[in-house]
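Residue numbers (numbering that gives the first Met the number 0), protein chains in the order written: chain F, 0 to 164; chain V, 0 to 74.
Note that these hints are calculated values from the structure, not bench results. From the three backbone atoms N, C-alpha and C, an ideal C-beta is built for every residue, glycine too. Don't take every hint at face value.
[Unchecked claim] A few chain V residues that face chain F, going by a derived Cβ cut-off under 8 Å, partial list only:
hint	residue
1	S7
2	A18
3	P27
4	G31
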Amino acid sequence: MTSLTNRLAVLVVAIASAMSALAGQPKVGDVFPSLADFKLEGTLPDLKDKVVVVDFWASWCGPCKASFPAFVELHQKFADKGLVIVAVSLDEDKGDMEGFLKKTKVPFAAVRDAKQKLAEKLSIESIPTTFIVGRDGKIAALHNGYGGDSTKRELIATVGKLLGK
Amino acid sequence: MKTFLIRSRWVWLLVVVPAFTGCQNVKPWQRGTLADAVMRADRDPAGVSLTEHVFFSREAASGGRGVGGGGCGCN
Numbered sequence: 000m001t002s003l004t005n006r007l008a009v010l011v012v013a014i015a016s017a018m019s020a021l022a023g024q025p026k027v028g029d030v031f032p033s034l035a036d037f038k039l040e041g042t043l044p045d046l047k048d049k050v051v052v053v054d055f056w057a058s059w060c061g062p063c064k065a066s067f068p069a070f071v072e073l074h075q076k077f078a079d080k081g082l083v084i085v086a087v088s089l090d091e092d093k094g095d096m097e098g099f100l101k102k103t104k105v106p107f108a109a110v111r112d113a114k115q116k117l118a119e120k121l122s123i124e125s126i127p128t129t130f131i132v133g134r135d136g137k138i139a140a141l142h143n144g145y146g147g148d149s150t151k152r153e154l155i156a157t158v159g160k161l162l163g164k
Numbered sequence: 000m001k002t003f004l005i006r007s008r009w010v011w012l013l014v015v016v017p018a019f020t021g022c023q024n025v026k027p028w029q030r031g032t033l034a035d036a037v038m039r040a041d042r043d044p045a046g047v048s049l050t051e052h053v054f055f056s057r058e059a060a061s062g063g064r065g066v067g068g069g070g071c072g073c074n
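All chains, full assembly: derive it from the sequences and hints.
Laid out in structure tokens, this is it:
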């Protein structure tokens, strides 16, 4: 009987640990937190009634850098139709981000999550991670990593659908 | 419920043992340090070439890292 009790207790603790680990991970359909609440370094654009793409990146991350031309294309295609892209840098050194942005000019907002509060809130586990947030403020799609043209096509299709284009 | 948990030594093991381990998750933003060029084993091509040359001269074996030669140490 004691053995059974022990096993049950172990099971309870294991399930509780697993649930707490998964609790922070947002899913499609969840409400995306307000970016204004996280004291991000840089200027946030007006996000009201916009479809928002939030991309987490860092200057030392190869796939992140490879994804930038796709975001530039996305911006050029949809910015005037209601899309806003916010690139959130997770660089620990502000100079690294600024150095990269000096060499790579981007037409969309680039801010820095200096204290990583937003990244912690969203349980970011790898970069690039891209959230596409609908006009209703809910997460419409979530991409981990960057798979080149296939990811670009997916991003364009998802954003186009959300904008009704 | 309290007795149930206290009696269960396996529960305590599960809770206490991880606290004394050195396990630590590396957060994505901390990986910049690991991605730095100085972390690369082959960051100095001349150094790598020299090390490989010494290796195949002494061990009569080479390969695996792009260094040519038959192990004679003469090239």
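Problem - Hints the structure fails to honour - result: Hint 2 contradicted; others consistent.
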